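Student: Heads up: the sequence lines are chains A and B, in that order. Note that my numbering numbers the first sequence so that position 54 is 54, with each residue one more than the last. Note that my numbering numbers the second sequence so that position 203 is 203, with each residue one more than the last.
Warning: the hint list may mix true and false statements.
[As the list claims (entries may be wrong)] Derived SDA-like pairs: lysine to any residue, alpha-carbon spacing no greater than 25 Å straight-line:
hint: 1; chain 1: A; residue 1: K67; chain 2: B; residue 2: Y146
hint: 2; chain 1: B; residue 1: K46; chain 2: A; residue 2: K166
hint: 3; chain 1: A; residue 1: K46; chain 2: B; residue 2: K67
hint: 4; chain 1: A; residue 1: K145; chain 2: B; residue 2: N173
hint: 5; chain 1: B; residue 1: K46; chain 2: A; residue 2: T164
hint: 6; chain 1: B; residue 1: K145; chain 2: A; residue 2: L161
hint: 7; chain 1: A; residue 1: K40; chain 2: B; residue 2: S167
hint: 8; chain 1: A; residue 1: K94; chain 2: A; residue 2: G125
hint: 9; chain 1: B; residue 1: K40; chain 2: A; residue 2: D65
hint: 10; chain 1: B; residue 1: K40; chain 2: A; residue 2: G114
hint: 11; chain 1: A; residue 1: K40; chain 2: B; residue 2: K67
hint: 12; chain 1: B; residue 1: K67; chain 2: A; residue 2: T164
[To be verified] Pair by pair, the computed Cβ-Cβ distance ranges are:
hint: 13; chain 1: A; residue 1: I153; chain 2: B; residue 2: E39; range: 27 to 37 Å
hint: 14; chain 1: B; residue 1: S121; chain 2: A; residue 2: C93; range: 33 to 43 Å
hint: 15; chain 1: B; residue 1: K54; chain 2: A; residue 2: E105; range: 39 to 49 Å
hint: 16; chain 1: B; residue 1: E200; chain 2: A; residue 2: K67; range: 47 to 57 Å
hint: 17; chain 1: A; residue 1: C22; chain 2: B; residue 2: G138; range: 37 to 47 Å
It is worth saying that the hints were derived from the structure and are not from the lab. No experiment lies behind these values; they were computed from the predicted model shown. Heads up, the beta-carbon is just placed ideally off N, CA and C, and yes, glycines get one too.
There are 2 protein chains.
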Amino acid sequence: MRAFVLFVCLSVGCLAQRPQPCASPSLLTGSLSVASQNEKLMAYAKYSYDALGKRIRLREFGSYDNKTFHFDVLLLFREGVMYKINYKNQTCCKKPLSADFHPLEIPRNSSLLGQVVVGSSSGPGQGVLVNTWWGELGMKKGPAKYMSTVTEIGCIPVSTLFHTSKSGWMVTNFFNNVIGLVDPQQLIPPHFCKGAPLEERLDKDPETFFSLF
Amino acid sequence: MRAFVLFVCLSVGCLAQRPQPCASPSLLTGSLSVASQNEKLMAYAKYSYDALGKRIRLREFGSYDNKTFHFDVLLLFREGVMYKINYKNQTCCKKPLSADFHPLEIPRNSSLLGQVVVGSSSGPGQGVLVNTWWGELGMKKGPAKYMSTVTEIGCIPVSTLFHTSKSGWMVTNFFNNVIGLVDPQQLIPPHFCKGAPLEERLDKDPETFFSLF
Numbered sequence: 001m002r003a004f005v006l007f008v009c010l011s012v013g014c015l016a017q018r019p020q021p022c023a024s025p026s027l028l029t030g031s032l033s034v035a036s037q038n039e040k041l042m043a044y045a046k047y048s049y050d051a052l053g054k055r056i057r058l059r060e061f062g063s064y065d066n067k068t069f070h071f072d073v074l075l076l077f078r079e080g081v082m083y084k085i086n087y088k089n090q091t092c093c094k095k096p097l098s099a100d101f102h103p104l105e106i107p108r109n110s111s112l113l114g115q116v117v118v119g120s121s122s123g124p125g126q127g128v129l130v131n132t133w134w135g136e137l138g139m140k141k142g143p144a145k146y147m148s149t150v151t152e153i154g155c156i157p158v159s160t161l162f163h164t165s166k167s168g169w170m171v172t173n174f175f176n177n178v179i180g181l182v183d184p185q186q187l188i189p190p191h192f193c194k195g196a197p198l199e200e201r202l203d204k205d206p207e208t209f210f211s212l213f
Numbered sequence: 001m002r003a004f005v006l007f008v009c010l011s012v013g014c015l016a017q018r019p020q021p022c023a024s025p026s027l028l029t030g031s032l033s034v035a036s037q038n039e040k041l042m043a044y045a046k047y048s049y050d051a052l053g054k055r056i057r058l059r060e061f062g063s064y065d066n067k068t069f070h071f072d073v074l075l076l077f078r079e080g081v082m083y084k085i086n087y088k089n090q091t092c093c094k095k096p097l098s099a100d101f102h103p104l105e106i107p108r109n110s111s112l113l114g115q116v117v118v119g120s121s122s123g124p125g126q127g128v129l130v131n132t133w134w135g136e137l138g139m140k141k142g143p144a145k146y147m148s149t150v151t152e153i154g155c156i157p158v159s160t161l162f163h164t165s166k167s168g169w170m171v172t173n174f175f176n177n178v179i180g181l182v183d184p185q186q187l188i189p190p191h192f193c194k195g196a197p198l199e200e201r202l203d204k205d206p207e208t209f210f211s212l213f
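One chain only, chain A, in its complex shape (with noise of 0.2 Å):
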């Protein structure tokens, strides 16, 4: 009987040893860029996220089909309002936001590739263990596949890979990202977007988060 209690103790401890899907820290600020593979769209923003709040800040540049593009938005999902804001003129744009809020988090029903050091253990400061996590999204043009890369400890976000089969893979990358508000202001819409009015949607699609790439 003893060894059969203990035969369990350490099956379910080897199992916690096992990864689990994650959620990423509710307060986050770093960059990141993205990359289509048809080299259509590349980009890079910084960005602050606030699971609590269901907040996000997105400062981008890039490029879309050689054309440059740059903006700023703050999307409110418990509000559901998105700003888009010009600093430089002042003026700020308000539209509905319908889509809902992703927290940054590995689905509870994806699949462990596998767990590997970026970099080497080797030495102190020489690598990072992460575990890469794929699975598939009912999307309403078709399914998408995904793999998301986190941290082992902390389940930081290293790299997500989006896959339609129309548009290809899309990769994104996180970087310098560090838990907590580094400026929580930046979450709040500006003075100037105070009598913003709500602008009706033109486009029928709703703006969903991928959608603003």
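Take the given structure of chain A and dock chain B to it, following the hints.
Tutor: Structure of chain B alone, referenced to chain A:
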């Protein structure tokens, strides 16, 4: 005068703080994955690397044009020979190797693209500091751009993007690297390679490291 000396010392100190092109450790063992932009090539390899003896062992499997392949090669650059090894059939194919040995390093004339933290610097074990370099190589078939990322501490390879106008991007990701040779015997031809005759090269192009993939 004293202020001037202080200024010079500080300047030199600051310059020294800037990341410098570096050479990776002479002995490395690890894994790598290779993928081409057009999705034609996907491969995974375990490698042993000895820059002192100019020897590389690659045990690789993957797919090219939707056909899977597997190969196991030992490259002895100093002797100018390459062994294609088949353990299952205990056969060995010895070929001339005319390519130069390219150590894993950041070329001196590379430009620093940036320094970032992969993961987070907010807690121990959550991230690693890396430097990304880029440059151009004059290849026979035309210029090729590269972008190489190595860890700040230890100069451990993390990833390399290689771009030619013909084949687009080719991405190599290194992982599970350890400093040293896990199994030095991997870099010695197995016993059944002893009597293998040196085959003549049928293809006109020299066998380079990159043409292996």
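Student: Each hint needs a verdict: does it hold in this structure or not?
Tutor: Here's how the hints hold up against the structure:
1. K67/A / Y146/B: Holds, because 23 Å separates the two Cα atoms, which is no more than 25 Å.
2. K46/B / K166/A: Given pair K46/B, K166/A is violated - Cα atoms ~33 Å apart, limit 25 Å.
3. K46/A / K67/B: violated, 41 Å
4. K145/A / N173/B: holds, 20 Å
5. K46/B / T164/A: Measuring from Cα to Cα gives roughly 30 Å; hence the hint is violated.
6. K145/B / L161/A: Roughly 23 Å separates the two Cα atoms, so the pair holds.
7. K40/A / S167/B: holds, 17 Å
8. K94/A / G125/A: violated, 44 Å
9. K40/B / D65/A: It holds: about 24 Å lies between the C-alpha atoms, which stays within 25 Å.
10. K40/B / G114/A: holds, 23 Å
11. K40/A / K67/B: violated, 28 Å
12. K67/B / T164/A: holds, 22 Å
13. I153/A / E39/B: 27 to 37 Å: The hint (27 to 37 Å, Cβ to Cβ) holds, given that I153/A and E39/B are roughly 33 Å apart.
14. S121/B / C93/A: 33 to 43 Å: With Cβ atoms ~35 Å apart, the hint holds.
15. K54/B / E105/A: 39 to 49 Å: holds, 46 Å
16. E200/B / K67/A: 47 to 57 Å: Holds - the Cβ-Cβ distance for E200/B and K67/A, about 53 Å, lies within 47 to 57 Å.
17. C22/A / G138/B: 37 to 47 Å: With a Cβ separation near 46 Å, C22/A and G138/B satisfy 37 to 47 Å, so the hint holds.
In the structure shown, a violation is registered for the earlier hints numbered 2, 3, 5, 8 and 11, in ascending order.
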